[in-house]
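Enquirer: Sequence:
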Amino acid sequence: MGPTHRFVKKPLIAAVSGYAVAGGMELALMCDLRVIEETAIMGVYCRRFGVPLIDGGTVRLTAMVGLSRALDLILTGRSIEAKEAFDWGLANRIVACGTSLGQAVNLAVSLTKFPQACLLADRKSTYNATFCSVLDQLIEYESEHSFPVIQKESVQGATKFVRGIGRHGKTYNLTEKDLPSWEIEENIKHKL
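Just so we're aligned: 62 in the UniProt record's numbering is position 62 of the sequence shown, and the numbers increase by one with no gaps anywhere.
Worth double-checking, as some hints may not be accurate.
As the list claims (entries may be wrong) - Distance condition first, Cα-Cα at most 25 Å in a straight line; then the derived SDA-like pairs of lysine to any residue:
(1) Lys-160 to Glu-140
(2) Lys-10 to Thr-39
(3) Lys-124 to Asn-106
(4) Lys-160 to Val-149
(5) Lys-9 to Lys-152
(6) Lys-9 to Pro-115
(7) Lys-10 to Val-65
(8) Lys-9 to Thr-126
(9) Lys-124 to Val-149
(10) Lys-10 to Val-149
(11) Lys-83 to Thr-62
(12) Lys-113 to Gly-24
(13) Lys-83 to Cys-31
(14) Lys-160 to Ala-96
(15) Lys-9 to Thr-159
(16) Lys-113 to Tyr-127
(17) Lys-83 to Leu-101
(18) Lys-124 to Thr-99
(19) Lys-113 to Thr-99
(20) Lys-152 to Leu-138
(21) Lys-10 to Pro-115
(22) Lys-9 to Lys-83
(23) Lys-9 to Phe-49
(24) Lys-113 to Tyr-141
Stated by the list, open to error - Distance windows between CB atoms, simulated:
(25) Asn-106 to Gln-156: 20 to 26 Å
(26) Thr-159 to Leu-120: 24 to 30 Å
(27) Thr-76 to Leu-119: 17 to 23 Å
(28) Lys-10 to Ser-79: 27 to 33 Å
(29) Ser-125 to Lys-152: 37 to 43 Å
What the hints contain is simulated information worked out from the structure, not anything from laboratory work.
Note that beta-carbon positions come from the ideal geometry of N, C-alpha and C, so glycine has one too.
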């Protein structure tokens, strides 16, 4: 459990280049604004390995994109590209490849030009309106209910990852299960 359990008093801006998945996505969600490159990918890839979001990801993602969209990403573990992330409100700016850090710094500099006491008061008020004092309780709940999962499924998932299963966005063969007879018949039909 990292820094995402804290409320930072100053605005944070994420510069996302490449993949921001699992814990990386949780760090991006912790930030006030997200500047992402046009080829950036976000997602809850830890789903593939039985690792729960434990750094406020379930709480912040739901607050940003709504319950249905949050559950779409959390339950499926699928990728979300920059355009869709922007459309959902997960990204604030889409920029050209290789420019996210510079654009994030420029955005940060532009924020310094405003009266800071007012900016910080409005920022804090916005967070209070969204989370009230519930944020700490929700993140605590998320953490408490994640540890039993970590002790069982996460270890198995990490072992699979080390063996190469599920890497590079491949979600097949993650779990061993018996197929129902109708699915076996469908697979045979597709092979013919």
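Enquirer: Taking the hints in turn, state whether each one holds.
Expert: The hints, checked one at a time:
no. : hint                           : in the structure
1   : Lys-160 to Glu-140             : violated, 28 Å
2   : Lys-10 to Thr-39               : violated, 28 Å
3   : Lys-124 to Asn-106             : holds, 22 Å
4   : Lys-160 to Val-149             : holds, 16 Å
5   : Lys-9 to Lys-152               : violated, 36 Å
6   : Lys-9 to Pro-115               : holds, 15 Å
7   : Lys-10 to Val-65               : holds, 23 Å
8   : Lys-9 to Thr-126               : holds, 13 Å
9   : Lys-124 to Val-149             : violated, 33 Å
10  : Lys-10 to Val-149              : violated, 33 Å
11  : Lys-83 to Thr-62               : holds, 19 Å
12  : Lys-113 to Gly-24              : violated, 29 Å
13  : Lys-83 to Cys-31               : holds, 19 Å
14  : Lys-160 to Ala-96              : violated, 35 Å
15  : Lys-9 to Thr-159               : violated, 39 Å
16  : Lys-113 to Tyr-127             : holds, 22 Å
17  : Lys-83 to Leu-101              : holds, 18 Å
18  : Lys-124 to Thr-99              : violated, 29 Å
19  : Lys-113 to Thr-99              : holds, 22 Å
20  : Lys-152 to Leu-138             : holds, 23 Å
21  : Lys-10 to Pro-115              : holds, 13 Å
22  : Lys-9 to Lys-83                : violated, 29 Å
23  : Lys-9 to Phe-49                : violated, 34 Å
24  : Lys-113 to Tyr-141             : violated, 38 Å
25  : Asn-106 to Gln-156: 20 to 26 Å : violated, 44 Å
26  : Thr-159 to Leu-120: 24 to 30 Å : violated, 45 Å
27  : Thr-76 to Leu-119: 17 to 23 Å  : violated, 37 Å
28  : Lys-10 to Ser-79: 27 to 33 Å   : holds, 31 Å
29  : Ser-125 to Lys-152: 37 to 43 Å : holds, 41 Å
In the structure shown, a violation is registered for the earlier hints numbered 1, 2, 5, 9, 10, 12, 14, 15, 18, 22, 23, 24, 25, 26 and 27, in ascending order.
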